[in-house]
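Enquirer: The lines below spell out each chain.
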Amino acid sequence: MGLRRLNYYRARKKAFIILTHLALLIAAFAIAFPVIFALIKSTQSTAQIFSYPPKFTIGRSALENYAVAWNDYNLGRLMLNTFIVALSVMVGKTLLSLFAALAIVFFDFPFKNLIFFFILITLMMPIPVRIVPLFDLVRKFGWGDTFWALTIPFFASATGTFLFRQHFMSFPTSLVDAARVDGVGPLRFLWQILVPMSMNTIGALAVIEFVYMWNQYLWPLIIISSNKNQLIQIGLKMLTGAGPQGMINWGVAMAGTVITMLPPLIVFLLLQEQFMRGFALAEEK
Amino acid sequence: MQSKFPHRSLPLLLLFPTIAVCVIFLYYPLARSFEWSLYRAAFMGLRRIYVGFQNYLRLFTSPDYLYSLSISFLFAASVVMLGLSISLTIAMLANRKIRGARIYRIALIWPYALSAAVAGTLWRFLFNPTAGAVNYFLNSLFGLKPDWVTSPNLALLSVIVAAVWKNLGYNIVFFLAGLQNVPGELLEAARIDGAGAWRCFWRVTFPLLSPTTFFLFVMNTIYAFFGTFGLIDVMTKGGPINATNILIYNLYRDAFQHNKWGLAATQSVVLFVLVVILTLIQFRTTGRRVHYGA
Chain P
1 MGLRRLNYYR
11 ARKKAFIILT
21 HLALLIAAFA
31 IAFPVIFALI
41 KSTQSTAQIF
51 SYPPKFTIGR
61 SALENYAVAW
71 NDYNLGRLML
81 NTFIVALSVM
91 VGKTLLSLFA
101 ALAIVFFDFP
111 FKNLIFFFIL
121 ITLMMPIPVR
131 IVPLFDLVRK
141 FGWGDTFWAL
151 TIPFFASATG
161 TFLFRQHFMS
171 FPTSLVDAAR
181 VDGVGPLRFL
191 WQILVPMSMN
201 TIGALAVIEF
211 VYMWNQYLWP
221 LIIISSNKNQ
231 LIQIGLKMLT
241 GAGPQGMINW
251 GVAMAGTVIT
261 MLPPLIVFLL
271 LQEQFMRGFA
281 LAEEK
Chain C
286 MQSKFPHRSL
296 PLLLLFPTIA
306 VCVIFLYYPL
316 ARSFEWSLYR
326 AAFMGLRRIY
336 VGFQNYLRLF
346 TSPDYLYSLS
356 ISFLFAASVV
366 MLGLSISLTI
376 AMLANRKIRG
386 ARIYRIALIW
396 PYALSAAVAG
406 TLWRFLFNPT
416 AGAVNYFLNS
426 LFGLKPDWVT
436 SPNLALLSVI
446 VAAVWKNLGY
456 NIVFFLAGLQ
466 NVPGELLEAA
476 RIDGAGAWRC
486 FWRVTFPLLS
496 PTTFFLFVMN
506 TIYAFFGTFG
516 LIDVMTKGGP
526 INATNILIYN
536 LYRDAFQHNK
546 WGLAATQSVV
556 LFVLVVILTL
566 IQFRTTGRRV
576 HYGA
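Each protein sequence line maps, in turn, to chains P and C.
Quick note on our numbering: the first sequence kicks off at 1 and runs consecutively.
Quick note on our numbering: the second sequence kicks off at 286 and runs consecutively.
It is worth saying that the hints were derived from the structure and are not from the lab.
Please note that the accuracy of each hint is not assured.
[Stated by the list, open to error] Computed cross-link-like contacts, DSSO-like style, restricted to lysine-lysine with a CA-CA straight-line distance of at most 27 Å: (1) K237/P x K289/C; (2) K14/P x K289/C; (3) K289/C x K112/P; (4) K522/C x K228/P; (5) K382/C x K13/P; (6) K430/C x K522/C; (7) K55/P x K228/P; (8) K55/P x K289/C; (9) K228/P x K140/P.
[Unchecked claim] Covered stretches of chain C, as calculated for chain P (at least 3 residues, CB under 8 Å): (10) 430 to 441; (11) 510 to 522.
[Said to hold, decoys possible] What follows is a list of derived Cβ distance ranges for each label pair: (12) G385/C x P110/P: 26 to 36 Å; (13) Y352/C x K140/P: 43 to 53 Å; (14) K140/P x G385/C: 30 to 40 Å; (15) S355/C x S170/P: 19 to 29 Å; (16) P431/C x G142/P: 35 to 45 Å; (17) F427/C x L19/P: 23 to 33 Å; (18) F117/P x F427/C: 50 to 60 Å; (19) S225/P x T346/C: 18 to 28 Å; (20) A47/P x T374/C: 19 to 29 Å; (21) F16/P x S436/C: 55 to 65 Å; (22) S225/P x P492/C: 47 to 57 Å; (23) W487/C x P110/P: 21 to 31 Å; (24) L565/C x S170/P: 38 to 48 Å; (25) W487/C x K14/P: 25 to 35 Å.
All residues carry an ideal CB built from backbone N, CA and C; glycine is no exception.
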């Protein structure tokens, strides 16, 4: 009797595990489906794409579609621009928020909490709530259609300052005393002690900021007027705009979409370990 | 409390770049939004006339704006409800201790790295009446061929689907992090007391998860209002006949297509009030949590 019951529970547990695997596989496939479909269709010719029922097999026009997307829509140039912008903002935001958190956690000065609050409040100011005056201001600086318009206004990071502050506060309290005994100044303290101890937070922030900048759409759309300075997301607008015959070449559009999504995906996959840890850390109170 | 360095001016120097960017590119333009909302101003604001609260009056008596307001709330409510329930279900599955859990997690959250415009392009193609996969499946399973492009209601549904899909990865990350804070002993105790899986979820897991759920509720609402511009622009351009013309799209059109800067600034103020309300709700209920968008 006891053994039969045990076997019953074992079988039930096994079935439960298999069902979980099955459900997770279905969920992962459903989530990936739009991208899988795009990958397949980016290899097909227009005739194949519009054949009914739709073909779910790899076609022979991959090279042509990707070449047209890359050359005719200038995606190479747009990617390079976006790379430079995303990396600059990533580095700028990380540095500035490291400096800010260093000041807030390891120094005493008047109105400290007020200043921290002042930075934190900017979370409530996404671009749309200040878009018209910002556009006006940036143009008055002579930054219209320039690299500066896409980077400098993004350099302050409330998220970064907050994350680093939380992380620094979790360190042993006598860290500064130890550093001062050894004659280590604040900036060396930052580079040689704080930064090596914060690699997960830096990694998580790097992913967040790179993805955030790579995916900018509204701001470059209005502030950048020449194609040679444009960012990659606007390339998608061009790819899905009507072509010469008033038709969208979907094979080319899907090829361009695949190209556009790759860099942030690669950054995400490379840093996913730090990303997950950085997030789990931020959840601690 | 951390021990401190004795310097007095160095910390202010360290904070200076951040504060300067905040003042010049965030606080000042926001204040100007408020100022401009009181003027009638054309493109570049060269000529402007003080009109007091007329812009606000115009906005809230305009049927087009009220319509935009109502579909924005419908859009946001759908994106939040569908997004949170689907991602919580998936996160519950991925939180079980099984082999390959790490691989599954990556396979579930990678769309986090995709943009709203990418989601828009992918789904515009999927909803294509002849070449897309959606109508092919609907037709072979149920014999349906809905017209996603010209029907206002279906167009709205199609952008909702795309917007939900795009944010699943983000939501799953946070639900997984939240689920890790639900102590296993508590669930075990509930189980020993005879609670089934369903009761365990609603009586133990869900209440313990409520800070995460609430945080995601606010973040997804902000995403639906602000983060979906690229998706709308690529998929529907606000159409057909304004069916997907959410507030942010309406603001963009008034500011940069119709060049009504005063009216556009007024809409910015309305959106800002919305963000303030959402943030206040969040601070009161969940306390110190971060916005991971920027």
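Enquirer: For every hint, state whether the structure bears it out.
Expert: Cross-check of the supplied hints:
1. Distance hint between K237/P and K289/C is unfulfilled; the C-alpha atoms sit about 51 Å from each other, more than 27 Å.
2. Between the alpha carbons of K14/P and K289/C the distance comes to roughly 56 Å, so the proposed pair goes past 27 Å and is violated.
3. Of the pairs offered as hints, the one joining K289/C and K112/P holds, with about 13 Å between alpha carbons and a cut-off of 27 Å not exceeded.
4. Note on K522/C and K228/P: the hinted pairing holds, with a Cα-Cα distance of about 24 Å set against a maximum of 27 Å.
5. Proximity of K382/C to K13/P is assessed by CA-CA distance (about 12 Å); at most 27 Å being required, the pair is judged to hold.
6. At most 27 Å may separate the alpha-carbon atoms for a hinted pair to count; K430/C and K522/C meet this at roughly 23 Å.
7. For the hint linking K55/P to K228/P, the alpha-carbon distance of about 37 Å lies beyond 27 Å, and the restraint is violated.
8. This hinted pair does not check out: K55/P and K289/C have alpha carbons roughly 66 Å apart, beyond 27 Å.
9. Proximity of K228/P to K140/P is assessed by CA-CA distance (about 21 Å); at most 27 Å being required, the pair is judged to hold.
10. Counting residues of the region 430 to 441 of chain C whose beta-carbon sits less than 8 Å from any beta-carbon of chain P gives 0, not enough to reach three: the coverage restraint is violated.
11. Closer than 8 Å: that is the beta-carbon criterion, and the region 510 to 522 of chain C has 5 residues meeting it against chain P, so the requirement of 3 holds.
12. Restraint check, G385/C to P110/P: a C-beta distance of roughly 54 Å breaks the suggested window 26 to 36 Å.
13. One distance hint, 43 to 53 Å for the beta-carbon pair Y352/C and K140/P, is violated here, with the actual separation near 35 Å.
14. For the pair K140/P and G385/C, the supplied restraint of 30 to 40 Å is violated, since their beta-carbon distance comes to about 56 Å.
15. Against the hinted window of 19 to 29 Å, the Cβ-Cβ separation of S355/C and S170/P comes to about 46 Å, which falls outside the hint.
16. Under the hint 35 to 45 Å, the C-beta atoms of P431/C and G142/P, about 50 Å apart, miss the expected range.
17. In this structure the hint that F427/C and L19/P lie 23 to 33 Å apart at CB holds, the actual value being about 26 Å.
18. Remark: the range hint 50 to 60 Å for F117/P to F427/C is upheld by a beta-carbon distance near 55 Å.
19. Range check, S225/P to T346/C: about 35 Å between beta-carbon atoms, so the 18 to 28 Å window is missed.
20. Separated by about 40 Å at the C-beta atoms, A47/P and T374/C break the suggested range of 19 to 29 Å.
21. Our hint of 55 to 65 Å for F16/P and S436/C is violated, since their Cβ atoms are close to 43 Å apart.
22. As the Cβ distance of S225/P to P492/C is approximately 53 Å, the hint placing it in 47 to 57 Å holds.
23. Between W487/C and P110/P the C-beta distance comes to about 50 Å, which lies outside the given range of 21 to 31 Å.
24. In this structure the hint that L565/C and S170/P lie 38 to 48 Å apart at CB is violated, the actual value being about 28 Å.
25. About 27 Å separates the C-beta atoms of W487/C and K14/P, a value consistent with the hinted range of 25 to 35 Å.
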